[in-house]
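Number of protein chains: 2
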Amino acid sequence: MPLTFNVVAHDPLSQARLGRLETPHGMIDTPVFMPVGTQATVKALRSSDLLACGASIILGNTYHLYLRPGHELIRSLGGLHEFMGWRLPILTDSGGFQVFSLGSLARVSEDGVTFQSHVDGSRHLLTPERAIDIQLALGSDIMMAFDECTPYPVTYDGARLSMELTGRWAQRCHAAGHKRAGGLFGIVQGSVYKALRDASAKELQDIGFDGYAIGGLSVGEARSVMYDMVAHTAQQLPERQPRYLMGVGKPQDILHAVRLGIDMFDCVLPTRNARNGFLFTSTGKVVIKNARHRADGRPLDPGCDCFTCQHHSRAYLRHLFMAGEILALHLNTVHNVTYYQRLMSRIREAIRLGSLDELTVPEF
Amino acid sequence: MPLTFNVVAHDPLSQARLGRLETPHGMIDTPVFMPVGTQATVKALRSSDLLACGASIILGNTYHLYLRPGHELIRSLGGLHEFMGWRLPILTDSGGFQVFSLGSLARVSEDGVTFQSHVDGSRHLLTPERAIDIQLALGSDIMMAFDECTPYPVTYDGARLSMELTGRWAQRCHAAGHKRAGGLFGIVQGSVYKALRDASAKELQDIGFDGYAIGGLSVGEARSVMYDMVAHTAQQLPERQPRYLMGVGKPQDILHAVRLGIDMFDCVLPTRNARNGFLFTSTGKVVIKNARHRADGRPLDPGCDCFTCQHHSRAYLRHLFMAGEILALHLNTVHNVTYYQRLMSRIREAIRLGSLDELTVPEF
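Protein chains in written order, with numbering that gives the first Met the number 0: chain A, 0 to 363; chain B, 0 to 363.
Among the hints, a few may not be true.
Chain copies aren't distinguished; within one or between two, either way the pair holds.
With a straight-line cut-off of 20 Å between C-alpha atoms, the simulated DMTMM-like cross-links for lysine to aspartate or glutamate are [as the list claims (entries may be wrong)]:
(1) Lys288 / Asp119
(2) Lys288 / Glu71
(3) Lys284 / Asp28
(4) Lys42 / Glu163
(5) Lys42 / Glu324
(6) Lys288 / Asp227
(7) Lys193 / Glu238
(8) Lys42 / Asp295
(9) Lys288 / Asp132
If you are wondering where the hints come from, they were derived from the structure by calculation, not from laboratory data.
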């Protein structure tokens with residue numbers, strides 16, 4: 000068994016659980032948040048900065064790395080860990096989502112997806128087998144099955160056809176990944192239809208994966224609908240394997256989803272917001288370009304132990320941001336990534352102590 | 000005396016000397032290179048990175064900081080050192096050069112220079128007294144006298160008038176800076192005319208500064224002319240005070256100027272070139288976007304102990320640069336700044352050992 004997952008504590012008042020996930024590159028405490036390292040770097044951070052921020056696993060994007068610099072190049076240089084100098088676990092997505100959101104002229108067939116590169120316009124075919132081969136070349140600790148990104152909104156029949164295709168592709172990914180050293184997760188689809196989510200969850204479990212992701216949410220549906228689908232779907236997934244809610248989200252969404260039984264998260268929000276000057280603090284959102292911070296000698300968040308808060312004032316951060324300095328992107332990213340990691344650490348500690356129901360976060 | 004300068008060794012075969020310059024924020028070994036921190040940051044580096052690169056003093060730009068975030072703001076927050084989190088010495092330029100190169104519609108009068116901000120188009124008047132007041136607000140360790148940037152090429156009479164104006168402004172700066180805690184340097188002008196350089200050097204020494212800079216070179220004249228002017232002018236300056244060649248330059252220029260008796264340097268070359276993917280190595284220039292580095296698993300420079308060379312391959316650096324990643328700017332800057340600091344360290348060691356004539360650098 001390439002991955003070992005143990006639930007070490009349950010929250011008495013919710014579905015939340017504390018877990019330990021062992022991967023080829025080491026142990027992860029769950030619930031966990033994975034910063035997104037799209038192009039073999041979490042934007043504006045060195046790998047050593049990521050460690051200092053508390054990250055224990057990052058996400059790499061198969062679509063981007065396949066197009067640039069190419070998975071065969073990364074394979075020849077010893078894999079993604081070696082290439083980017085990150086020694087802890089890496090989860091790779093399958094490229095399914097990005098093919099539709101970033102590639103153009105995507106055409107879906109039973110075989111896979113033909114699309115045009117956003118880098119140079121070249122045409123490519125991504126299939127379940129190829130998505131697995133790329134992730135194997137990258138040396139991923141946790142690979143994701145190749146899925147079709149179901150559009151939203153979508154009819155029941157449209158969602159069913161898409162979910163069924165994802166199911167057949169999941170079977171092919173499972174076969175292609177049989178020699179894997181790391182884990183392989185299936186992705187539950189079915190849009191906002193519980194019957195389809197149930198069918199998808201059952202089909203994937205019949206194939207048998209090392210963990211299960213909930214995909215196709217946070218794509219425009221109401222937050223209450225998203226919560227309802229996560230609550231329902233999480234209960235269709237096996238108790239003894241990790242559950243991963245893809246692309247979510249805001250701190251309050253993560254806290255809520257943990258209570259619904261989710262173990263793993265990823266989102267570009269902390270890093271992208273940092274580059275746009277939107278910062279997460281214990282008292283809520285800070286928009287650093289706001290004039291009120293102009294002469295404020297205090298740190299962003301007095302309770303934060305990140306490099307940025309330990310060394311710099313809001314006034315300095317505002318100045319760097321207004322002046323368009325590269326250092327602004329770095330310092331803001333350090334802070335937001337640390338905020339998310341501390342949030343997860345607080346969540347884990349609260350589960351351990353049985354006090355998760357008392358934990359609150361500001362609305363962002 | 001706010002600055003103390005001691006020459007501790009002379010090279011037997013040239014005018015080069017090893018010195019120690021004591022400032023309010025500590026000691027600097029000379030010859031020294033000062034990375035340029037224009038907007039309260041050396042672009043793409045944190046202050047802790049600068050320390051790791053070996054920097055012992057940086058340069059701050061009065062023009063930029065006056066316009067944004069404003070010197071009064073920096074003064075109210077404890078000065079530039081505190082504002083940017085840099086505890087070692089800072090030399091500030093006077094704004095003279097930038098007013099002409101970055102401001103627009105600059106108009107010179109006896110009083111000073113009226114110009115339009117490159118940030119917001121607002122109109123400002125910079126005078127010798129104001130340039131000193133700004134530098135005092137910043138808490139500079141070494142202030143520069145406000146000078147007129149003599150255009151190049153220029154007639155003898157044009158250069159003479161400009162040099163004479165700079166001399167009168169130097170007198171006013173000296174008076175305005177009499178309460179300074181740090182040092183104040185005069186700037187020798189006179190374009191490419193030795194008689195004017197002599198007159199300027201003499202006039203400034205009659206006023207009496209803590210050190211002397213050679214300005215108005217590396218502005219388009221032939222390299223041989225520049226070397227000739229430095230050689231001549233350095234000999235007009237007092238033996239017991241530091242000599243600073245402004246805005247120079249390439250490693251071979253620095254090595255040559257050290258042999259002519261120069262103690263201090265600044266230039267945007269290492270940092271700007273880094274952001275453009277031009278890297279300094281012990282075997283010459285590396286253009287990181289070049290396809291030859293695509294699959295090269297070796298470090299940029301095997302003899303370099305910087306973070307970049309210790310952790311990453313040319314292939315990774317090329318990938319980051321081609322992908323437009325912020326981390327490329329950071330890692331390249333770390334390397335180039337370290338290269339320059341190591342160059343200065345090798346120069347100092349060679350003077351100490353009496354072997355400076357054997358030291359060579361690649362042509363860049």
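Item to check | Intra- versus inter-copy proximity for Glu238 and Lys193 (alpha-carbon distance at most 20 Å) | outcome: within (19 Å within a copy, 85 Å between copies)
Checklist entry - Within a copy, between copies, both or neither: where do Lys288 and Asp132 come within 20 Å Cα-Cα? => result The answer is neither: 44 Å in one copy and 28 Å across copies each exceed 20 Å.
Next on the checklist: If the cut is 20 Å between Cα atoms, do Lys42 and Glu163 qualify within a copy, between copies, both or neither?
Outcome noted: neither (35 Å within a copy, 51 Å between copies)
Checklist entry - When no copy is named, should Lys42 and Glu324 be tagged within, between, both, or neither for a Cα gap of at most 20 Å? => result The answer is both: 15 Å in one copy and 7 Å across copies each meet 20 Å.
Item to check | Homo-oligomer pair classification [Asp227, Lys288; C-alpha up to 20 Å] | outcome: For Lys288 and Asp227, neither the intra-copy (36 Å) nor the inter-copy (49 Å) Cα distance is at most 20 Å.
Item to check | Up to 20 Å CA-CA - Asp295 versus Lys42, copy category | outcome: neither (27 Å within a copy, 23 Å between copies)
Checklist entry - Is it within, between, both, or neither for Lys288 and Glu71, if the alpha carbons may be no more than 20 Å apart? => result between (42 Å within a copy, 19 Å between copies)
Checklist entry - Quick one: Lys288 to Asp119, C-alpha cut-off 20 Å, is that within a copy, between copies, both, or neither? => result between (35 Å within a copy, 16 Å between copies)
Checklist entry - How do Lys284 and Asp28 come out at 20 Å by Cα distance, when the copy is not named: within, between, both, or neither? => result neither (27 Å within a copy, 45 Å between copies)
Consistency note: the structure conflicts with the earlier hints numbered 3, 4, 6, 8, 9.
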